[in-house]
Amino acid sequence: MKKTLGIGFMLGWQDIRQSYRRSVFGQLWITIGMAVTIAAIGIVFGTIFVTPLEIFLPYLASGLIMWALIAGILNDGNMAFIASEGMIKQLPLPKIVYIVRIVWRNLIVSAHNVVIFPIVIWIVGGGTSWATLLWPLGVVGAVLSLSGLALIFAIVAARYRDLPQIVNAALTVGFYITPVIWIKESLGDNELVNLIVSLNPLYHILQVARLPMIGQLPSLSNWIWVFASAGLFWAVGIYMFSRFEKRIAYWV
Amino acid sequence: MAHITLKQASVVLPIFNSSARSLTNKLVSAATGGALTAQKGGHLSIEALRDMDLNVVAGDRLGIVGHNGSGKSTLLRLLSGIYEPSSGSIERSGSIASLVDISLGINGENTGRENIFLRGKLMGLSKKEIDAKIDEIIDFSELGDYINLPVRIYSSGMLLRLAFSVSTSITADILIMDEWLSVGDGAFAERASARLSGLVDESEILIIASHDRDLIEKTCNKVVWLEHGHIKKIGATEEITTEYFGPKS
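The listed protein sequences correspond, in order, to chains B and C.
The numbering of the first sequence is numbering that gives the first Met the number 0, which starts it at 0 and goes up by one.
The numbering of the second sequence is numbering that gives the first Met the number 0, which starts it at 0 and goes up by one.
Some hints here could point you the wrong way.
Unchecked claim - Computed footprint of chain B on chain C; a stretch qualifies when at least three of its residues, placed anywhere within it, have a C-beta under 8 Å from a C-beta of chain B:
(1) 76 to 84
(2) 95 to 101
(3) 112 to 126
As the list claims (entries may be wrong) - Under 8 Å between C-beta atoms, here's a sample of chain B residues computed to sit facing chain C:
(4) Q13
(5) G85
(6) L90
Unchecked claim - Derived pair list, reagent style DSS-like, types lysine-lysine, alpha-carbon separation capped at 25 Å:
(7) K221/C to K231/C
(8) K126/C to K1/B
(9) K1/B to K120/C
(10) K2/B to K127/C
(11) K2/B to K120/C
(12) K221/C to K247/C
(13) K6/C to K245/B
(14) K127/C to K1/B
(15) K245/B to K2/B
(16) K221/C to K6/C
(17) K88/B to K2/B
(18) K120/C to K132/C
(19) K247/C to K232/C
(20) K232/C to K6/C
(21) K1/B to K88/B
(22) K6/C to K231/C
(23) K88/B to K245/B
(24) K6/C to K88/B
(25) K120/C to K245/B
(26) K1/B to K132/C
(27) K120/C to K88/B
(28) K231/C to K217/C
(29) K217/C to K247/C
(30) K2/B to K132/C
(31) K221/C to K232/C
(32) K247/C to K231/C
(33) K126/C to K2/B
Think of the hints as simulated: they come from the structure by calculation, not from any bench.
Ideal Cβ positions, reconstructed from N, Cα and C, are used throughout, including at glycine.
Construct the complete structure from the given sequences, taking the supplied hints into account.
Listed below in structure tokens is the structure:
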């Protein structure tokens, strides 16, 4: 098990290094890209929403950073086995290596993005409180849930190649129907919005990973959703994995 | 003792992007490859290996011969655990080293030294074990200072030297090869061949697929002849090679 994890971590690191080798700023480009996005959206939407920057910018930064983690794990999850076809067909490694690989890769990317957050707080102020101490727990819950879902996606996508397109499209829609850059409360108490948002598992995952960053407590239902979904996704994922692990080499 | 036993093992590979209806009629009669069959779901699949019974035990030097598409590579993959049989069973004991794709995992942007770790880890070594072997590997590769430069600047020959030196640095109970690895030029090729022979001698079982008659006759004590994904014949080397390659001139 230790060796399996080790190989997954190593491959995840290699993916990052491979993408940024020989560029002047290297991995810093991850950070730069995210910082520019936050600044651009912050200025435009901060003006549209007429929200003070010290409230909007930390909200936006935390939302975009955590959304990038969510979308990254799910999109890459689809490709976990497909993209590793060459290795799967040549090495009898435990297949879970490839799941560890994509989750770890996305955690590294996210770590590069998270450093922007304290800088935002330092510039515009606002932000943290005791609730921030819950952030690690929120991230753990979010990543547990997402990686369970990624495992399911990886298996299904290896067999049915339409899934990556579907998930990709769904995540694009998800970005707009999840309060990542817009603030739910600013829409007033609209029942339809409340319904759409509260039935969206990504919303709850985003809440537990983001709210502590800006010093707010996620609701109890957020926590329940996240840990219950983590349990469910892993149960389904492990069941499917134990059934289909041997077929994966045939499918990729 | 290392051994591999196949019982009625088949490998049926699905081809999802083709409709059985349009292709079956035309393809079943192809001259090469495993039998093509239509599956229930409407897609086509290849019976790459069908109902294989095979028993390989310690001391065996098994050669695999057969034309292109007869299932040699698939059989190597089945024996090394990449494919689990889609029906039938495989039973295996002993550690396995596959020298089928020795460059797998090597990353052009990394230095030779980093790639030794990469490749070593993929072969199942720990960092400690690699640390213990790395000087010997670098010495053997004769890459000198190039070992600290990115592999993308290597010539293809140098790259193979690196891949060969790492891949042959571990010993395993079962060694699997697709043709004899020949790397480098002149003196290096000889040293490499000697190193490989040493590795073969240390392993309990060798399984090698080859089109090379001399190689098979020199290294193997047992040969299996594949045709259209099943065993046409299995037996002592001389007997099979004479029949497969024809009488010796």
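Structure-based check of each hint:
1. 76 to 84: holds (count 6)
2. 95 to 101: Result for this restraint: holds, n = 4.
3. 112 to 126: holds (count 5)
4. Q13: With Cβ-Cβ at 6 Å, under 8 Å, it holds.
5. G85: OK, holds: G85/B within 8 Å of chain C, min 7 Å.
6. L90: 6 Å, holds
7. K221/C to K231/C: Satisfied, since the Cα-Cα distance of roughly 14 Å is no more than 25 Å.
8. K126/C to K1/B: 12 Å, holds
9. K1/B to K120/C: 12 Å, holds
10. K2/B to K127/C: The given pair, whose Cα atoms are some 12 Å apart, holds under the 25 Å limit.
11. K2/B to K120/C: 8 Å, holds
12. K221/C to K247/C: With a Cα-Cα distance of about 18 Å, the restraint between K221/C and K247/C holds, given a limit of 25 Å.
13. K6/C to K245/B: 17 Å, holds
14. K127/C to K1/B: 14 Å, holds
15. K245/B to K2/B: 20 Å, holds
16. K221/C to K6/C: Since the Cα atoms of K221/C and K6/C sit roughly 18 Å apart, the hinted pair holds (cutoff 25 Å).
17. K88/B to K2/B: Distance ~19 Å between K88/B and K2/B Cα, so the pair holds.
18. K120/C to K132/C: Holds: K120/C and K132/C sit about 12 Å apart, inside 25 Å.
19. K247/C to K232/C: 19 Å, holds
20. K232/C to K6/C: Distance of about 16 Å is within 25 Å: holds.
21. K1/B to K88/B: Answer holds: K1/B to K88/B is near 22 Å, not above 25 Å.
22. K6/C to K231/C: 16 Å, holds
23. K88/B to K245/B: 12 Å, holds
24. K6/C to K88/B: 22 Å, holds
25. K120/C to K245/B: 22 Å, holds
26. K1/B to K132/C: 21 Å, holds
27. K120/C to K88/B: 17 Å, holds
28. K231/C to K217/C: 22 Å, holds
29. K217/C to K247/C: 14 Å, holds
30. K2/B to K132/C: Answer holds: K2/B to K132/C is near 18 Å, not above 25 Å.
31. K221/C to K232/C: At roughly 11 Å apart (the allowed maximum being 25 Å), K232/C and K221/C satisfy the hint.
32. K247/C to K231/C: Judged against 25 Å, a Cα distance of about 21 Å means the pair holds.
33. K126/C to K2/B: 10 Å, holds
Violation of the numbered hints given earlier is absent; every hint is satisfied by the structure.
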